[in-house]
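Take the sequences, apply the hints, and build the full model.
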Amino acid sequence: MPRWFYQLASPRWCYQITGKLLPGFAIASILLIVIGTVWGLAFAPPDYQQGNSFRIIYLHVPAAYMAQSIYMTMALAGAIGLIWKMKVADMVAKSCAPIGASLAVLALATGAIWGKPTWGSWWVWDARLTSMLILLFLYLGIIALNSAIESESTAAQSTAVLALVGLVNIPIIKYSVDWWNTLHQPATFKITAKPAMPPDMWIPLLILVIGFYCFFAVTLMMRLRNEIIRRERRASWVRELLMQQRG
Amino acid sequence: MSETKLQPLAELQQIENADYRPGKIFIATLKRELQLALRRRSDLVNPLIFFLMVATLFPLGVSPEPTILATLAPGVVWVAALLSTLLAMDSMFRSDYEDGSLEQILLSPQPLFVVVLGKVLAHWMMTGLPLTLMAPLIAVMLFLPAEGMSGLMLSLLIGTPTLSLVGAIGAALTVGLRKGGVLISLLVLPLYIPVLIFGTAAVEAAVTSLPLAGHLALLGALLALGIALAPIAIAAALRISVSG
Chain A
0 MPRWFYQLAS PRWCYQITGK LLPGFAIASI LLIVIGTVWG LAFAPPDYQQ GNSFRIIYLH
60 VPAAYMAQSI YMTMALAGAI GLIWKMKVAD MVAKSCAPIG ASLAVLALAT GAIWGKPTWG
120 SWWVWDARLT SMLILLFLYL GIIALNSAIE SESTAAQSTA VLALVGLVNI PIIKYSVDWW
180 NTLHQPATFK ITAKPAMPPD MWIPLLILVI GFYCFFAVTL MMRLRNEIIR RERRASWVRE
240 LLMQQRG
Chain B
0 MSETKLQPLA ELQQIENADY RPGKIFIATL KRELQLALRR RSDLVNPLIF FLMVATLFPL
60 GVSPEPTILA TLAPGVVWVA ALLSTLLAMD SMFRSDYEDG SLEQILLSPQ PLFVVVLGKV
120 LAHWMMTGLP LTLMAPLIAV MLFLPAEGMS GLMLSLLIGT PTLSLVGAIG AALTVGLRKG
180 GVLISLLVLP LYIPVLIFGT AAVEAAVTSL PLAGHLALLG ALLALGIALA PIAIAAALRI
240 SVSG
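Residue numbers (numbering that gives the first Met the number 0), protein chains in the order written: chain A, 0 to 246; chain B, 0 to 243.
Treat each hint with caution, since some may be false.
Examples of chain A residues toward chain B, derived with CB under 7 Å [unchecked claim]:
#	residue
1	PHE136
2	LEU137
3	GLY140
4	ILE142
5	ALA143
6	ALA147
7	SER150
8	THR153
9	GLN156
10	SER157
11	VAL160
12	VAL164
Bear in mind the hints are in silico, worked out from the structure with no lab data behind them. No residue lacks a Cβ here, since even glycine has one placed at the ideal position from N, Cα and C.
Dropping the structure here:
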């Protein structure tokens, strides 16, 4: 196991390194999201079928990607916490859940707003939509379980088990558009093929996806730092830090 | 520990100390669970009454019209079955946890996987199996066409064990909490949805005389996945809940 892996296990080291990384990610996420949004909403050409209504893709697709990526991050962090008993991993998993849940809500809401002009209804019981809704329910279940258990370490382990069990849903969401004949269109980006859109349309989308990843990193680090300070409040380094900030 | 529970547990422990064969442990666990369940008959009957009552609500709440009820029937029977297994789920590990026998089971040198599988099978024999046998009655009440009956019974027979397996994960995660009831539903219901989808699809296929082997095969695949993986999660969750 490399040395940085062990260093990550130290809340103090983790607090310091995230403090250094945070400004860079914050600037990157603001720049990328602003550039992507302006390009996508104002300069990208309208779709030949959907006109301007397709532009909600610039919010919908990144949010949907993030909701799934965050779930996988959470499950991975939970597994690391279960296997190596690493406190920081538990805190990462705990910090992921609310961010993922809010992005899942955003993906479902933008999907509904997009569905109204294109499919003629706010909601259809299609495989992609249903599995995304299940993902939101899983997030809510994990948050509920975490807040129901008083002991921090038991809560972290229990939610990690639940997150790993819920992981079966991720491939179902991913491939639902390929397995079933659904109303939802297939994936926008594939590693193996070129996107079906002109570059002027997909480049801003790609910028926004990367921007959302940076945004996730920023919110995760902020939540993580809060969690570290809260849990390590009795450690001497946290006290010194607080004294410095006060004095 | 109450006296009624002491004797079956002692039997289980005797085997545990003398013998390490998983098959024997499995049978012993199953015997113990069934013995305990038969001593508390009301716990056995309650989910079935609930099943019947939920199904009664639909003709009263939606419409007593046979054509409308017939289209709703597959979903109603499945949802009612799903909710009643959920109702019985909280008690799965609860009494064992409260009187300490769960701790003894965890401390024993036996593979927890096998013990857990035995407990789940016993739970299914006490809820899923009677529900499957009672389903035709409710199906008739809801005017499900006779062609759908085989699909309903088969899909419930293959689907309800998966519900017991997945529900046991939720029960194991919440066993240490004083009020686990509502929380279990929140944790487990999202994971029940695939079983519900394929189960009702099988019934609908049977009603319209389409081949239903595909849906049943998918239910079987879910069950196989559940038998292989769920006991691992249940065992891990029990260890966490008891040590916490």
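Structure-based check of each hint:
Interface hint status for A:PHE136: upheld, as the beta-carbon distance to the closest one in chain B is roughly 4 Å, under 7 Å. The closest approach between the C-beta of A:LEU137 and any C-beta of chain B is roughly 5 Å, which is under the 7 Å cut-off, so the hint is satisfied. The restraint placing A:GLY140 at the interface with chain B holds, with a minimum CB-CB distance near 4 Å, inside the 7 Å limit. For A:ILE142, the interface hint is violated, the least distance from its beta-carbon to any beta-carbon of chain B being 9 Å, above 7 Å.
At its closest, the beta carbon of A:ALA143 sits 5 Å from a beta carbon of chain B; the interface hint therefore holds under the 7 Å criterion. Evaluation of the A:ALA147 hint against chain B yields a held restraint, the C-beta minimum of about 6 Å falling below 7 Å. A distance limit of 7 Å between C-beta atoms decides the matter here; for A:SER150 the minimum to chain B is near 5 Å, and the interface restraint holds. Taking 7 Å as the C-beta cut-off, the interface hint given for A:THR153 holds, the closest approach to chain B being about 3 Å.
Below 7 Å, beta-carbon pairs count as interface contacts, and A:GLN156 has one with chain B at about 4 Å; its hint therefore holds. Given the 7 Å rule on beta carbons, the hint for A:SER157 holds: about 5 Å separates it from the nearest Cβ of chain B. Because the beta carbon of A:VAL160 sits about 5 Å from the nearest beta carbon in chain B, less than 7 Å, this interface hint is met. Annotation: interface hint on A:VAL164 holds; nearest CB of chain B at approximately 5 Å, less than 7 Å.
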